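*Asks:* Input sequences plus hints: build the corresponding full structure.
Here the protein sequences line up with chains P and X, keeping their order.
Numbering (full-length UniProt numbering) for the first sequence: 1 to 471.
Numbering (full-length UniProt numbering) for the second sequence: 1 to 316.
In short, the hints are calculated from the structure, not lab data.
All values reported here derive from a predicted model rather than from experimental measurement.
Heads up, a few of these hints could be off.
[Unchecked claim] What follows is a list of derived Cβ distance ranges for each label pair:
| hint | chain 1 | residue 1 | chain 2 | residue 2 | range |
| --- | --- | --- | --- | --- | --- |
| 1 | X | 93 | P | 182 | 39 to 49 Å |
| 2 | P | 239 | X | 267 | 54 to 64 Å |
| 3 | P | 249 | X | 253 | 40 to 50 Å |
| 4 | P | 333 | X | 261 | 50 to 60 Å |
From the three backbone atoms N, C-alpha and C, an ideal C-beta is built for every residue, glycine too.
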Amino acid sequence: MPHAFDEMSSTDGAIRPAYETLKQWLASVPQDVLDHRRKEAEFIFRRIGITFAVYGEQNAQERLIPFDIVPRILTKEEWARLSKGLEQRVKALNLYIRDVYSKRDILKAGVVPEELVYQNPAFRPEMNGQRVPHDLYVHIAGIDIVRTGPDNFYVLEDNARTPSGVSYMLENREIMLRLFPELFSMHKVAPVENYADDLLATLRSLSPHGGHEPNVAILTPGIYNSAYYEHSFLADKLGVDLVEGRDLFVKDETVYMRTTEGPKRVDVIYRRLDDDFLDPLAFRRDSVLGVPGLMSAYQAGNVTLTNAVGTGVADDKAVYSYMPDIIRFYLSEEPLLPNVPTWRCREPDHLKYVLDHLPELVVKEVHGSGGYGMLVGPAADRAQIEKFRDKLKADPANFIAQPTLALSTCPTLVEKGIAPRHVDLRPFILSGSDKVRIVPGGLTRVAMKEGSLVVNSSQGGGTKDTWVLDA
Amino acid sequence: MLSRTADNLYWLTRYVERADCLARILDVSQRLAYTPVTYGGSTNEWGSAVLTAGCAEQFIERYGPLETATEEHVVSFLAFEPENPTSIRNCFEVARTNARSVRTALTSEMWDVINSAWIELRNFPNRALTRDELARFLAFVKETSLRFDGATFRTMLRNDGYWFARSGAQLERADNTARILDVKYHVLLPEKEHIGGPLDYFQWASILRSVSALTAFHWVYRDSVKPWLVADLLILNRQMPRSLAACYDSLARNLDDIASAYGRQGPSQRLARSMLARLSNRSIEDIFQAGLHEFISEFISDNNKLGAEITEQYLT
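*Replies:* Written out as structure tokens, the structure reads:
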């Protein structure tokens with residue numbers, strides 16, 4: 001694996017201009033002061049209750065995501081480039097989903113193979129021919145970006161269902177402002193706190209009917225969900241009700257919430273609940289988290305669900321590999337942000353290549369997420385590789401493979417001091433009926449273990465505050 | 001507001017109040033159990049603590065009859081056992097679970113009290129506590145409820161959320177005071193006075209202590225502790241924040257605030273007002289004459305009924 005690009009000290013040790021002030025500051029602050037501030041941050045996080053749950057772990061119902069106090073810095077120019085590429089990507093995602101559920105031009109043109117749509121478990125036949133307000137499907141997207149060099153950004157993954165992490169983006173900034181006011185006086189950092197306002201404006205713009213003030217609610221699976229903190233955080237910042245399925249009911253194809261003053265109509269639901277669980281009458285019948293009849297109200301056009309039902313058809317890793325073509329097809333533009341080269345194991349020649357090169361590749365499940373069920377070739381031992389080989393051969397269509405990228409690193413506070421650790425970036429893109437909104441930056445995730453490339457919080461990854469410099 | 005949110009707020013404050021009450025019961029029982037029998041101490045003080053806490057059935061199932069209840073068992077049962085749904089530990093657990101589900105309806109100060117208490121709770125060992133540790137634990141519980149009440153009072157918006165939260169606390173508090181009286185009413189009866197003589201002082205004083213009212217008693221009556229005055233203080237005296245009358249004063253007001261905000265009165269407002277009337281314009285002599293025990297039993301049952309009415313009217 002080639003030597004990774006470090007966002008502070010490049011590959012040759014020369015400090016990049018955006019990091020100069022930070023580098024000097026880090027050198028001037030004793031390690032024990034940094035350690036102390038890190039502990040303080042952890043204490044505050046625990047006290048506020050910013051926790052997440054890891055499924056399948058006993059006695060770990062609530063855990064803290066490690067927070068790294070060294071910010072990650074992007075320049076204004078880098079961000080301008082990224083945000084243009086992100087907007088383009090989300091536009092294409094929306095057009096693709098709309099097409100998939102209506103005319104299917106892209107399938108007819110042979111750009112995307114039919115089975116990627118029809119055999120996709122996230123495909124929702126209920127959405128065929130269904131108009132959604134303003135023809136928008138993915139109102140809140142999280143696009144994962146990785147970097148390998150000064151000018152080399154790639155999209156690693158599209159999250160078009162219910163991307164999470166934005167609360168960390170906001171809380172990380174708050175805590176940095178509290179712990180390191182002096183750093184902010186030395187840098188012009190673009191603020192992110194307007195995200196909540198942007199989100200509310202986006203959600204309101206999606207109301208199915210004009211006229212009265214739309215009633216917006218956030219639908220959560222409840223306190224045992226791993227992202228529950230984020231759900232309550234957002235409800236609080238937006239000033240909207242955080243509802244569970246049992247708080248809602250449907251009458252005459254209209255959604256109401258149960259309040260102390262009787263039923264109140266709901267117009268827009270930002271749901272943090274998967275399609276499967278939304279409505280036991282339409283999808284999984286054993287779902288107790290959903291709202292019976294919700295789909296009928298949705299189909300009657302009386303309520304907006306964000307994101308729309310069936311967006312998962314656009315964000316699995318097999319469809320990902322077609323995204324550059326999808327962008328060209330709908331927008332007649334070249335993708336501004338490239339994909340990571342991807343081998344589709346469903347294609348025999350790709351599969352052969354992958355099987356021959358397992359030790360150097362990263363292999364992922366098409367529908368996997370959270371860093372589960374993947375093979376990082378260079379980090380795996382022989383036995384693990386052979387075991388994975390069997391899994392792969394048994395069901396090739398379920399996997400894609402990518403080269404092991406030398407993900408960029410950022411200076412990170414670890415036990416021995418400041419050391420480089422691999423990072424990625426998840427910006428959040430809001431698509432309303434009026435416009436697209438992106439706050440500068442996003443959530444930087446960092447693999448806290450030396451050499452590790454897995455940044456997922458469920459695998460011990462941490463987060464950093466992400467700064468976009470305004471000058 | 002969402003009915004579930006109101007429900008959670010209402011129960012959150014009930015559980016905090018209950019934890020506080022349990023801590024005071026344990027405190028007083030301990031004190032009484034160490035008092036020599038010749039000074040009014042009693043040998044089955046621990047059994048009556050379980051009775052007052054209202055969980056005799058579960059206790060007996062686990063440890064046998066109340067007459068033989070030991071300090072170790074009762075402390076562990078009332079304070080820590082996960083099997084007892086209303087042990088102090090469980091009260092805090094449920095309170096925090098409720099708080100988490102309605103975080104958006106709490107101020108950050110209120111959340112901080114509940115969450116910190118829940119974190120602190122884990123620092124107390126999972127074994128029989130030494131006397132020192134227990135004292136520290138009980139102080140911690142009482143302090144938590146004080147801080148929580150203070151945070152609620154000082155930081156919460158005065159709207160329906162606040163009124164539901166306060167109603168829960170007052171209803172629970174009325175229930176707790178009534179149950180203390182229910183278990184101890186016999187030491188307050190007039191005929192007991194000449195049987196027990198001055199030794200009963202310690203029993204009466206302990207009743208006052210269990211609602212933190214011993215000092216208040218002297219300020220209000222400027223008299224030595226007399227059983228009918230103890231009953232008067234706990235039932236009718238509105239100066240005493242844990243008296244039934246004071247609780248209902250506040251309950252009726254909170255429920256009226258809700259009704260006027262929503263523009264509609266309902267069964268819970270009517271019941272609260274009629275109970276408040278029952279506690280007003282009435283002397284303690286009347287109550288003794290009509291039967292203290294009957295009065296208290298009826299109160300407990302009507303208080304429960306009010307809880308059910310509130311739930312029916314607003315929380316479902």
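*Asks:* Which hint numbers does the structure go against, in order from smallest to largest?
*Replies:* Violated: hints 2 and 3.
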